[in-house]
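Protein chains: 2
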Amino acid sequence: MNKQAIFHITDIPYTYAIDENTLAVRLKAAKGDLKNCDIYYKDRYDWVNPFNINSMDLKKSDSLFDYYETSLQIDENRYRYYFKLEDREGNICYYNERGLHEELIKPYEQNCFQFPYLNTADIHKVPAWAKEGIVYQIFPDRFCNGDKNNDPEGTLPWGEEVSTTTMFGGDLQGIIDKLDYLQELGINIAYLTPIFLSTTNHKYNTCDYYQVDPSFGDVKKAKELVEKCHAMGIRVIFDAVFNHSGSDFFAFKDVIENGEKSKYKDWFFIKSYPVDTEKINYITFSNNVDTMPKLNTHNPEVKEYLLKVAEYWIKEVGIDGWRLDVCDEVDHAFWREFRKVVKAANPEALIIGEIMHESTSWMRGDQMDGFMNYPLRELLLDFFARGRITGQKFQEELAYVSSLYTDEVNSCLFNLIGSHDTARFLTDSKEDINKLKLAAAFQYTYIGLPYIYYGDEIGMVGENDPFCRRCMIWDESKQNVELLSFFKKLNALRKTEKVLVYGDYKDLSSNKNMLIYKRTLGNEEILVILNNGSEFSELSLESTEGKYVDLLNDKEISISNTIKVNGNDMKILKKI
Amino acid sequence: MNKQAIFHITDIPYTYAIDENTLAVRLKAAKGDLKNCDIYYKDRYDWVNPFNINSMDLKKSDSLFDYYETSLQIDENRYRYYFKLEDREGNICYYNERGLHEELIKPYEQNCFQFPYLNTADIHKVPAWAKEGIVYQIFPDRFCNGDKNNDPEGTLPWGEEVSTTTMFGGDLQGIIDKLDYLQELGINIAYLTPIFLSTTNHKYNTCDYYQVDPSFGDVKKAKELVEKCHAMGIRVIFDAVFNHSGSDFFAFKDVIENGEKSKYKDWFFIKSYPVDTEKINYITFSNNVDTMPKLNTHNPEVKEYLLKVAEYWIKEVGIDGWRLDVCDEVDHAFWREFRKVVKAANPEALIIGEIMHESTSWMRGDQMDGFMNYPLRELLLDFFARGRITGQKFQEELAYVSSLYTDEVNSCLFNLIGSHDTARFLTDSKEDINKLKLAAAFQYTYIGLPYIYYGDEIGMVGENDPFCRRCMIWDESKQNVELLSFFKKLNALRKTEKVLVYGDYKDLSSNKNMLIYKRTLGNEEILVILNNGSEFSELSLESTEGKYVDLLNDKEISISNTIKVNGNDMKILKKI
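Respectively, the protein sequence lines represent chains A and B. Under our numbering, read the first sequence as residues 950 to 1525, first letter to last. Under our numbering, read the second sequence as residues 950 to 1525, first letter to last.
Calculated directly from the structure, the hints in this document are not laboratory data. One should not assume that every hint holds.
No copy is singled out in the list; a pair is fine if it fits within one copy or between any two copies.
[Stated by the list, open to error] In the DSS-like style, the derived pairs of lysine-lysine whose C-alpha atoms are separated by at most 27 Å in a straight line are:
{"id": "1", "residue 1": "Lys-1289", "residue 2": "Lys-1513"}
{"id": "2", "residue 1": "Lys-1523", "residue 2": "Lys-1008"}
{"id": "3", "residue 1": "Lys-1033", "residue 2": "Lys-1008"}
{"id": "4", "residue 1": "Lys-1513", "residue 2": "Lys-1455"}
Isolated chain A, as found in the complex (with noise of 0.2 Å):
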């Protein structure tokens, strides 16, 4: 047995509360080390009784470890337990709080591991409707110009080449002339990087929190987009930038006029005075943005605003959520402020966070419900647009990734290809169309919410930033309609088929080129073949004998001994 490879802790994600009644454990082993993996459990307090005895499931393997997962309920929801451990030559280990040993001390209850009381305040649950969710992402200023009174100045024709600074023209009500579409398109989650009064096209530099750029609308209007889109069943989440303001931003502005006698001075960080926006003598979010100077959100009196800002858009206007903006350079001690004021203004409220790397630390149920999976879009990256890694690789890390998170956050994740801060897919995959439908498919099949970055739908190229935040393309003729009746397939097939959203995953032999896996809920049963090489391949897979439906054509195939899928070509399989 390799010793150092078995894990367990006693905290997020390794023990963890699903409900009122049921306890998450997991446990690590190297690869393909064990043989029996099982928990031995029962109330703290119990000396008297035999412990319960779980078998543990081999739930996913990356490229190193095995991880085991079961869930427990007892009684009084207070959990002492330990593991008992077989390895493939028959070598046992107990495992408990003391180690691991080849015999355990009587009495056994002694050392064990404890989960000493679930309790319901701790229990991390996201907004039910969330799980369901299906996110189109838009940037205002260049998904449609619906009010040309409202046009900024210097506004460009649509459609014209887009550098860092033009603006297009695009607002509130161009999203609303446009729900119908997003409605046949099937989301129903639309996410908007921010609307609130600033200088720049991409509006994360915020003058004012609480106004809507004129050039977009006013409150009135947001009010209206989110009235009309929750008529519709899409719900609408905004983009709090709460890491900096814009240098315009009035406290700021105070700061800038008068030096260290500004009663704001402590509301940012400022290095000497006075205050200069070319020399940035103050800490700004990046490298010297001048016009981003960081907000000191431990101050008492920063939080206060910060907060109120949250609570007056979900209240005032109705949205169903934030996302935060750069929320990993912000205090751990703000976001739980955070979470209090936005579930207490609507308990349903769905809080994400733009963290680009590994986000334990947000993931414990007191600050995010979920973050943006730039993880998985880089491995979806890797695999189908750059091919840098197989097929198992892509499992192997996939796996990894997830054994970070509890099965609530991983439910929650905005599992997106591209955003206004990336390439485009279609780009990075050389316009190779077929690549982008891979990796939707796999978006559709897999675990968390489908994201679309507006445009990706109907084929649109671009390099990263300001070339992936070109206009929207709404003439016909020049969107690739084709590409867009296939989103509205999976649109539709992630709406009827749960088991894309419930079921378990399980890889089932992904190799170099192709992935394949199986969900299932139930007696439900999807089974997914991505084919990202250029051949036709011919499977054989263990224990897929049975009749299916093809969901992309609604053609009934049976499987006998084969499966055959051409390159660059999918199947999503629902067992009959």
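Following the hints, complete the assembly by docking chain B onto the known chain A.
Okay, now just chain B, sitting in the frame of chain A:
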């Protein structure tokens, strides 16, 4: 390289802020596997400059792992890093967010681990005074009867044999009367088990959180105690029993009386009505302890009530902190609120959890400062009192336990060898005073707060409750005065030798019967040798040559090749 043994995560305790400008980083690897462990780091937005490089230090080892540590400082406090590992055969591995690699893909910045921003709000600082603390635990009914007028009915003569229900009339005046004793002993933190109105001698079933039990005194007397302690440099910690109340707590009485109509019915977990203290149809502490109904700390009214209690005793009476009874069965959300209220009432207040097991989920800096270190107690018993483990195993298990927490938490643990909930150490050691001395010497020369359970210092014995709660022996002829003077000596050393408080701890070559370790702080160095065997031992230790003063007898000794230590004896040697 044992790849499965390599572990790092960008979360506590593997990455955390030490202060406003310093990030601590840890990594574990298989014991003895690595020759070198380097960290490459720089600003997360810096794509231009080369990485800085730190060589990580091997800090400690348990039975399976080596633990490497370093601390990083960069200007902007936004960290990006990866590791370069070299094993003893010269194999090299790079370790970043996407795992272990034989070669890194360029640019190396890609896929780095990220600590996005070191925010001051997230730094866990325990009160500075606590680190230099020496705790004395008092069980008030059994410490000293200073006021005969408030003796409860049925008070027994001091020193008679105890039962679970006997009362002896100990009180706050008694503690005040013995402050000279405590000061002479040399402790500087008095921790009192509960003193609030309650029917039992232990008072863990609270009737009124605002009233001192009249058999102990009143609020005025509590204030007098705290003031007199403070005047003598002694801090006072009270016991917060917030997991459950007493069954005669006003709210529970109301539920008994008014059943489902009681406005306090959701303050508890009632299974059916009417509430019946014989059938016990409500959730209690432990196994159906009818007098201790569990409080619903998720209920905002309960939360508000208890948090006001927490604040009251700090603001009104001036206590210096709380020890939290059964805090591991109360929700994390409650303790986060509790921390805010307590630290707002007094930023220097100390919060110590009673958690007898792995405590990681409470020790992230958002809840408690430290905990009662029962895992260390088990090790001290197993090695010194029970002879169950070797010195080497002791060091390995100690290394494992301390690897679970940040240095800040480790510096703030209550390192007890006994309490009112355990047998006394001297009973477990079969009344071998030498074993108690050795264990105490370890407490005083290790990281964290030495802790005396009243009476241990004069040689009191007793099995678990009720016998560990016997009356304090004040008759000097019945005290072990030699032991008492040994404890006085240890207390004095802990105060004069800051290296014992703040120094690094390094196991040298502990073996079957011996603990041999070094504390170092700057140029200061203390070498400790605890011989748990019955035989005289002559040790040869590498690089310990030099002149020392034996701090236990102030004699100078010179070590050339070997050091001699008698059986069941010790050396605490300061390098001069």
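Okay, the hints, checked on the actual structure:
1. Taking the shortest Cα distances, Lys-1289 and Lys-1513 never come within 27 Å of each other, neither inside one copy (52 Å) nor across copies (62 Å).
2. When the C-alpha separation of Lys-1523 and Lys-1008 is checked against a cutoff of 27 Å, the pair qualifies only within one copy, where the shortest distance is 21 Å, while the shortest distance between copies is 55 Å.
3. Taking identical chains as interchangeable, the C-alpha atoms of Lys-1033 and Lys-1008 lie at most 27 Å apart only when both belong to the same chain, with a minimum of 18 Å there against 31 Å between chains.
4. In this assembly of identical chains, Lys-1513 and Lys-1455 lie within 27 Å of each other by CA distance solely inside one copy; the values are 20 Å within and 63 Å between copies.
Checked against the numbered hints given earlier, this structure breaks only hint 1.
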